[in-house]
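One-letter residues, chain by chain:
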Amino acid sequence: MAQLETTWRLQCTVNGGPVDCEVPQDQTLLDFLRIGIGLTGSKGSCLEGECGSCTVIVDGQAVNSCLVLCPQMQGRRITTIEGLACGEKLHVLQETFLDAGAAQCGYCTPGLIMAAKALLDETPNPTEQEFFEGMEGNICRCTGYASICEAIRAAARQWQ
Amino acid sequence: MRNSECGIRNAQHRAARAATAPVRTEPLSEPSHTPYKESPRGPVGRSERRVDGREKVLGTCLYGADLFYQRADYFAQVVRSEMPHARLLGVESEAALRVPGVVAVYTAHDMPGTNRQGLIHRDHPVLAEGLVRYRGDAVAIVVGQSQAAARNGCNAVQVAYEALPVVATMDDALDESAPKLHRDGNVMGGKRIRKGDADRALEEADVVVSETFQTQTVDHAFLDLEAGIAQWDGGVLTIQVSGQWAHEERRLTALALGLPIEQVQIVTPATGGAFGGREDLSLQVYLGMAALKHPGKTIAMQYSREESMRARHKRHAIRIHYTLGAKNDGTITAAKITVYSDEGAYASTGPAVLRKAASHATGPLRVPNVYVDVYGVFTNNNPTGAMRGFGACQMAIAYNSMMDRLAERLGMDPVELWRRNLICDGDEVTTGQRIGIVTATACMDAALAKYRDDRRVDPPLAAHQRRGWGLSVICFGLGYGDGFPDASRATVRFKSDGRMEVATGGVEYGQGLLNMTAQIAAEKCGVPLSRVDVVWADTRRTQESGSSSATRQTYFTGNAVRIAADELREEVLDVAGKLLCVHPHELDIRDARIVGRFDPALSATLDDVLAEGRRRGHRLEGFGIFKPRTVCEDFATGQSPRSFITYLFGAHLAQVVVDVETGEVRIERYVACHDVGKAINPQSVAGQMVGGATQGIGMALMEEVVNEDGVMKNPNFTDYILPTFRDVPEIECVILENDDPGGPFGARGIGEPPLIAAVPAVLSAIGSAVGAQPHTTPCNPQRVWELLHPEQAARPAHPATTPAHAGMNR
Numbered sequence: 001m002a003q004l005e006t007t008w009r010l011q012c013t014v015n016g017g018p019v020d021c022e023v024p025q026d027q028t029l030l031d032f033l034r035i036g037i038g039l040t041g042s043k044g045s046c047l048e049g050e051c052g053s054c055t056v057i058v059d060g061q062a063v064n065s066c067l068v069l070c071p072q073m074q075g076r077r078i079t080t081i082e083g084l085a086c087g088e089k090l091h092v093l094q095e096t097f098l099d100a101g102a103a104q105c106g107y108c109t110p111g112l113i114m115a116a117k118a119l120l121d122e123t124p125n126p127t128e129q130e131f132f133e134g135m136e137g138n139i140c141r142c143t144g145y146a147s148i149c150e151a152i153r154a155a156a157r158q159w160q
Numbered sequence: 001m002r003n004s005e006c007g008i009r010n011a012q013h014r015a016a017r018a019a020t021a022p023v024r025t026e027p028l029s030e031p032s033h034t035p036y037k038e039s040p041r042g043p044v045g046r047s048e049r050r051v052d053g054r055e056k057v058l059g060t061c062l063y064g065a066d067l068f069y070q071r072a073d074y075f076a077q078v079v080r081s082e083m084p085h086a087r088l089l090g091v092e093s094e095a096a097l098r099v100p101g102v103v104a105v106y107t108a109h110d111m112p113g114t115n116r117q118g119l120i121h122r123d124h125p126v127l128a129e130g131l132v133r134y135r136g137d138a139v140a141i142v143v144g145q146s147q148a149a150a151r152n153g154c155n156a157v158q159v160a161y162e163a164l165p166v167v168a169t170m171d172d173a174l175d176e177s178a179p180k181l182h183r184d185g186n187v188m189g190g191k192r193i194r195k196g197d198a199d200r201a202l203e204e205a206d207v208v209v210s211e212t213f214q215t216q217t218v219d220h221a222f223l224d225l226e227a228g229i230a231q232w233d234g235g236v237l238t239i240q241v242s243g244q245w246a247h248e249e250r251r252l253t254a255l256a257l258g259l260p261i262e263q264v265q266i267v268t269p270a271t272g273g274a275f276g277g278r279e280d281l282s283l284q285v286y287l288g289m290a291a292l293k294h295p296g297k298t299i300a301m302q303y304s305r306e307e308s309m310r311a312r313h314k315r316h317a318i319r320i321h322y323t324l325g326a327k328n329d330g331t332i333t334a335a336k337i338t339v340y341s342d343e344g345a346y347a348s349t350g351p352a353v354l355r356k357a358a359s360h361a362t363g364p365l366r367v368p369n370v371y372v373d374v375y376g377v378f379t380n381n382n383p384t385g386a387m388r389g390f391g392a393c394q395m396a397i398a399y400n401s402m403m404d405r406l407a408e409r410l411g412m413d414p415v416e417l418w419r420r421n422l423i424c425d426g427d428e429v430t431t432g433q434r435i436g437i438v439t440a441t442a443c444m445d446a447a448l449a450k451y452r453d454d455r456r457v458d459p460p461l462a463a464h465q466r467r468g469w470g471l472s473v474i475c476f477g478l479g480y481g482d483g484f485p486d487a488s489r490a491t492v493r494f495k496s497d498g499r500m501e502v503a504t505g506g507v508e509y510g511q512g513l514l515n516m517t518a519q520i521a522a523e524k525c526g527v528p529l530s531r532v533d534v535v536w537a538d539t540r541r542t543q544e545s546g547s548s549s550a551t552r553q554t555y556f557t558g559n560a561v562r563i564a565a566d567e568l569r570e571e572v573l574d575v576a577g578k579l580l581c582v583h584p585h586e587l588d589i590r591d592a593r594i595v596g597r598f599d600p601a602l603s604a605t606l607d608d609v610l611a612e613g614r615r616r617g618h619r620l621e622g623f624g625i626f627k628p629r630t631v632c633e634d635f636a637t638g639q640s641p642r643s644f645i646t647y648l649f650g651a652h653l654a655q656v657v658v659d660v661e662t663g664e665v666r667i668e669r670y671v672a673c674h675d676v677g678k679a680i681n682p683q684s685v686a687g688q689m690v691g692g693a694t695q696g697i698g699m700a701l702m703e704e705v706v707n708e709d710g711v712m713k714n715p716n717f718t719d720y721i722l723p724t725f726r727d728v729p730e731i732e733c734v735i736l737e738n739d740d741p742g743g744p745f746g747a748r749g750i751g752e753p754p755l756i757a758a759v760p761a762v763l764s765a766i767g768s769a770v771g772a773q774p775h776t777t778p779c780n781p782q783r784v785w786e787l788l789h790p791e792q793a794a795r796p797a798h799p800a801t802t803p804a805h806a807g808m809n810r
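So the sequences go chain by chain: A and B. In this text, residue positions in the first sequence follow the numbering used here: the first is 1, and each later residue adds one. In this text, residue positions in the second sequence follow the numbering used here: the first is 1, and each later residue adds one.
Don't take every hint at face value.
Some chain A residues flagged as far from chain B (calculated, every beta-carbon gap over 10 Å) [stated by the list, open to error]:
#, residue
1, Val-19
2, Asp-20
3, Gln-61
4, Pro-71
5, Gln-74
6, Ala-85
7, Ala-103
8, Tyr-107
9, Pro-110
10, Glu-122
11, Gly-144
12, Arg-157
13, Trp-159
14, Gln-160
Pairs of lysine to any residue residues, derived as SDA-like cross-links and limited to a Cα-Cα distance of at most 20 Å, are as follows [stated by the list, open to error]:
#, chain 1, residue 1, chain 2, residue 2
15, A, Lys-89, B, Thr-60
16, A, Lys-89, B, Ser-530
17, A, Lys-89, B, Gly-101
18, B, Lys-297, B, Gln-263
19, B, Lys-297, B, Gly-101
20, B, Lys-180, B, Pro-260
21, B, Lys-578, B, Leu-602
22, B, Lys-495, B, Lys-450
23, B, Lys-713, A, Glu-48
24, B, Lys-495, B, Leu-529
25, B, Lys-180, B, Pro-351
26, A, Lys-89, B, Arg-87
27, B, Lys-578, B, Arg-541
28, B, Lys-327, B, Arg-366
29, A, Lys-89, B, Asp-538
30, B, Lys-293, B, Lys-327
31, B, Lys-713, B, Met-702
32, B, Lys-297, B, Ser-146
A few chain A residues facing chain B, derived, Cβ under 7 Å [what the hints assert, rightly or not]:
#, residue
33, Glu-50
34, Phe-97
35, Glu-136
36, Arg-141
Note that these hints are calculated values from the structure, not bench results. Here a beta-carbon is modelled for each residue, glycine too, at the ideal position from N, C-alpha and C.
Input sequences plus hints: build the corresponding full structure.
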């Protein structure tokens with residue numbers, strides 16, 4: 001099979017910084033982040049939009065980065081797990097995840113934190129229904145979700 | 001689950017038992033004023049943050065797949081069999097070698113060593129030799145300059161097969177005309193228990209109940225796909241791939257590749273879940289072989305989700321014929337059990353799973369007459385192996401369900417029936433081993449108390465809803481047991497910068513092993529947890545600590561760390577004694593200071609003492625090995641005085657609402673109670689309880705690998721259904737802490753029991769809601785509907801594995 005050599009000049013913003021580079025046209029956002037610019041915090045797992053491990057925030061919305069292609073990202077503002085902490089200071093969700101013991105193996109954690117951030121940015125005080133709608137796209141195989149719920153609720157109480 | 005609800009000490013129970021227990025021998029109590037008595041003051045017993053938590057929430061933690069894009073020279077990919085059962089006529093690699101970027105194609109002929117893998121039985125060729133036995137068996141390896149080149153190369157490899165009849169089910173395999181999948185046939189030597197005279201006791205029983213259960217094949221579905229890198233520098237092969245037992249992976253890889261083990265090093269990267277699914281080798285040999293062929297190059301490899309699910313072993317689907325006899329008053333007198341287990345294509349850990357199933361056949365029930373036969377049956381399904389619960393999990397479904405059936409038959413309250421038949425201190429389990437401290441009844445009572453104390457007003461039901469609740473009680477022998485050598489080693493030292501380093505060979509895959517080791521060492525040496533570094537599962541830097549499985553790490557490696565830290569502590573106090581001119585027994589270490597036990601004026605900082613130690617040439621390092629013996633079960637009877645080092649007990653309660661129109665089950669309330677001996681980190685223990693119960697809920701209600709004619713139909717997360725946020729109720733945890741005399745700070749462990757207890761609790765609740773006991777898992781809406789409409793559901797006849805068939809290989 002011949003290699004697809006078509007590339008695309010992607011210009012977007014990742015974690016506040018401008019990105020301008022040639023990427024394969026058929027590359028997913030997840031592969032671009034991980035391979036293209038070495039941000040390995042976003043994880044691949046099911047690679048078909050079921051588990052949410054690859055969740056990043058694009059213009060305020062939680063997105064499965066394994067399901068979108070680079071050309072769709074033209075001019076968009078992308079935030080990944082690497083963009084949350086401010087120097088040594090952790091983001092409130094990162095703190096509450098640590099306090100609640102919400103990261104066990106930690107593989108789903110970046111995606112969960114990004115999904116929770118998108119949820120709380122949109123709905124700082126979610127109802128149970130809103131909470132499920134925001135979070136049900138993310139699977140965790142270790143924790144049984146209780147500690148994650150606790151962490152997100154604790155973060156919601158401090159959300160500004 | 002709220003933390004404040006955890007850590008409930010069962011002081012009343014303990015006090016009551018101390019007064020009445022006939023068997024438990026209390027250790028000689030020390031005078032109350034002794035200053036040496038060990039009671040945790042530091043991190044042990046506290047819900048400290050994870051020592052690896054920060055990098056996990058920052059996203060900087062490096063898992064297998066995060067290691068390689070920048071560092072890889074070549075990428076490898078496996079060509080896998082498209083056929084469940086076929087003769088391999090030839091592998092044509094010429095077309096693949098013409099694909100741009102493809103560097104090499106390797107088959108079994110190129111393998112330098114034994115080409116064998118398998119954790120216990122090494123019966124699985126790493127690359128197929130003339131025969132493929134499941135769809136997913138590895139046929140060849142393609143090495144390319146990019147992942148795409150390797151993938152395209154795989155597609156271009158032409159494999160010639162001669163299809164053979166597919167042995168799709170256990171019934172097929174046991175048919176006399178079935179093709180033999182292995183040299184010794186399709187039945188793998190099993191395991192038996194002969195205790196008392198079960199046949200006679202059943203004849204004499206007032207009541208006899210019989211049932212057949214069928215459990216499903218389950219996938220581990222850890223999120224972190226198999227991935228990693230390897231290099232061969234001409235002298236050492238270094239492989240960075242997640243596993244569960246680095247030192248055994250080293251041995252198995254060395255064997256398969258024909259290298260001395262000293263020339264293989266396994267470095268375990270951050271590991272995103274395992275649950276038994278990483279006990280068998282995954283990429284190690286493929287990567288190692290490719291690295292050997294390309295010295296100096298870094299080879300990388302990663303499975304897709306489909307490859308991960310097609311290639312990896314699974315939890316055994318087990319069929320259990322269970323007969324229980326009892327007196328009219330509910331006293332159980334006999335159990336006769338025949339178990340058939342779908343081994344899939346290769347045995348691997350199968351024999352150990354079967355032994356565990358046999359030794360846990362009657363769980364925490366007191367049964368004087370027991371007859372158990374367990375067989376493994378080879379098919380062309382995925383190989384099966386270890387998964388959380390490991391044989392004991394399937395048996396718990398059976399004996400718990402049998403208790404519901406017996407209670408129904410006798411017209412007795414199930415709780416009363418349990419109370420009458422649960423073992424107590426000093427009673428025997430299935431293997432005849434007498435258990436000194438039994439807290440099965442305590443767990444049941446604590447779970448019931450939690451359920452009743454917080455009794456909520458249940459919302460009224462709609463006409464199409466039924467409510468029910470169910471109870472499960474389980475026991476679990478931790479460690480490998482059955483005479484299998486089982487040891488953990490640990491090193492604890494003060495580094496030159498004054499920080500403490502704890503090194504063990506155990507794998508952390510999320511369960512909390514690192515905190516367990518760090519908290520025990522910090523507690524012993526009187527330093528804050530923030531001053532502890534952990535090194536783990538790196539064969540270059542750590543000694544062997546056995547596998548992270550069988551709920552054994554807290555007990556085994558925890559003890560090794562305790563012993564090592566004790567040695568280090570004594571060394572430090574020895575130096576401090578010289579510095580302060582007193583006998584070391586007068587000194588203690590608290591908050592990184594040396595303090596006088598009797599004279600508060602005696603004091604020195606730990607840093608000063610460490611500096612003094614180095615000046616004096618002390619090693620400031622402790623080594624610990626914990627290697628307790630178990631006794632092999634007798635071949636003919638399955639009996640052993642000490643098959644397992646210690647036992648764990650637990651009880652779960654589930655309350656469900658079943659929609660009788662759709663068959664959907666919603667869990668309304670859930671209480672989990674486990675006796676962990678001592679919770680080294682209560683938050684971590686609760687995390688294991690909730691996580692384990694959730695996997696159990698998944699197994700009870702939805703998870704199922706669907707095989708048709710040897711082909712897995714749902715090798716992806718769209719079709720293999722996992723519990724999500726919406727599926728899991730609040731799981732109320734009750735942690736009992738009855739010290740284990742041999743555990744570190746009294747700790748036993750927690751990993752597997754929560755899953756084992758969860759499945760039968762949910763099934764029992766469904767049974768009580770719909771008025772018919774489930775016998776097949778998962779109890780998805782279809783099966784619930786069949787329970788409600790038995791006249792419309794064709795019950796499988798299980799022709800080949802009725803107990804009458806059981807004499808076949810004896």
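Structure-based check of all given hints:
1. Val-19: 17 Å, holds
2. Asp-20: 20 Å, holds
3. Gln-61: 19 Å, holds
4. Pro-71: 19 Å, holds
5. Gln-74: 23 Å, holds
6. Ala-85: Not fine: 6 Å to the nearest Cβ puts Ala-85 (chain A) too close to chain B.
7. Ala-103: 4 Å, violated
8. Tyr-107: Label violated. Min Cβ-Cβ 3 Å, cutoff 10 Å.
9. Pro-110: The claim breaks: Pro-110 (chain A) does not keep its Cβ more than 10 Å from every Cβ of chain B (closest is about 4 Å).
10. Glu-122: Given that every Cβ of chain B is farther than 10 Å from that of Glu-122 (chain A), nearest at about 17 Å, it holds.
11. Gly-144: Contrary to the label, Gly-144 (chain A) does not stay out of reach of chain B, its closest Cβ about 3 Å off (not over 10 Å).
12. Arg-157: Consistent with the label, Arg-157 (chain A) stays out of reach of chain B, its closest Cβ about 15 Å off (over 10 Å).
13. Trp-159: 17 Å, holds
14. Gln-160: 19 Å, holds
15. A:Lys-89 x B:Thr-60: 15 Å, holds
16. A:Lys-89 x B:Ser-530: 17 Å, holds
17. A:Lys-89 x B:Gly-101: The given pair, whose Cα atoms are some 45 Å apart, is violated under the 20 Å limit.
18. B:Lys-297 x B:Gln-263: Judged against 20 Å, a Cα distance of about 17 Å means the pair holds.
19. B:Lys-297 x B:Gly-101: With a Cα-Cα distance of about 15 Å, the restraint between Lys-297 (chain B) and Gly-101 (chain B) holds, given a limit of 20 Å.
20. B:Lys-180 x B:Pro-260: The given pair, whose Cα atoms are some 34 Å apart, is violated under the 20 Å limit.
21. B:Lys-578 x B:Leu-602: 12 Å, holds
22. B:Lys-495 x B:Lys-450: 47 Å, violated
23. B:Lys-713 x A:Glu-48: 16 Å, holds
24. B:Lys-495 x B:Leu-529: With a Cα-Cα distance of about 15 Å, the restraint between Lys-495 (chain B) and Leu-529 (chain B) holds, given a limit of 20 Å.
25. B:Lys-180 x B:Pro-351: Status holds; Cα separation ~19 Å.
26. A:Lys-89 x B:Arg-87: Outside the cut-off at roughly 60 Å; violated.
27. B:Lys-578 x B:Arg-541: Outside the cut-off at roughly 32 Å; violated.
28. B:Lys-327 x B:Arg-366: 13 Å, holds
29. A:Lys-89 x B:Asp-538: With Cα atoms ~31 Å apart, Lys-89 (chain A) and Asp-538 (chain B) exceed 20 Å; violated.
30. B:Lys-293 x B:Lys-327: This hinted pair is violated, its Cα atoms lying about 68 Å apart.
31. B:Lys-713 x B:Met-702: 15 Å, holds
32. B:Lys-297 x B:Ser-146: Given pair Lys-297 (chain B), Ser-146 (chain B) holds - Cα atoms ~13 Å apart, limit 20 Å.
33. Glu-50: Since the shortest Cβ distance to chain B is 4 Å, the answer is holds.
34. Phe-97: Since chain B brings a Cβ to about 5 Å from Phe-97 (chain A), closer than 7 Å, the hint holds.
35. Glu-136: Holds - the Cβ of Glu-136 (chain A) comes within 7 Å of chain B, reaching about 5 Å at its closest.
36. Arg-141: 5 Å, holds
Consistency with the previously given hints fails for numbers 6, 7, 8, 9, 11, 17, 20, 22, 26, 27, 29 and 30, ordered from lowest to highest.
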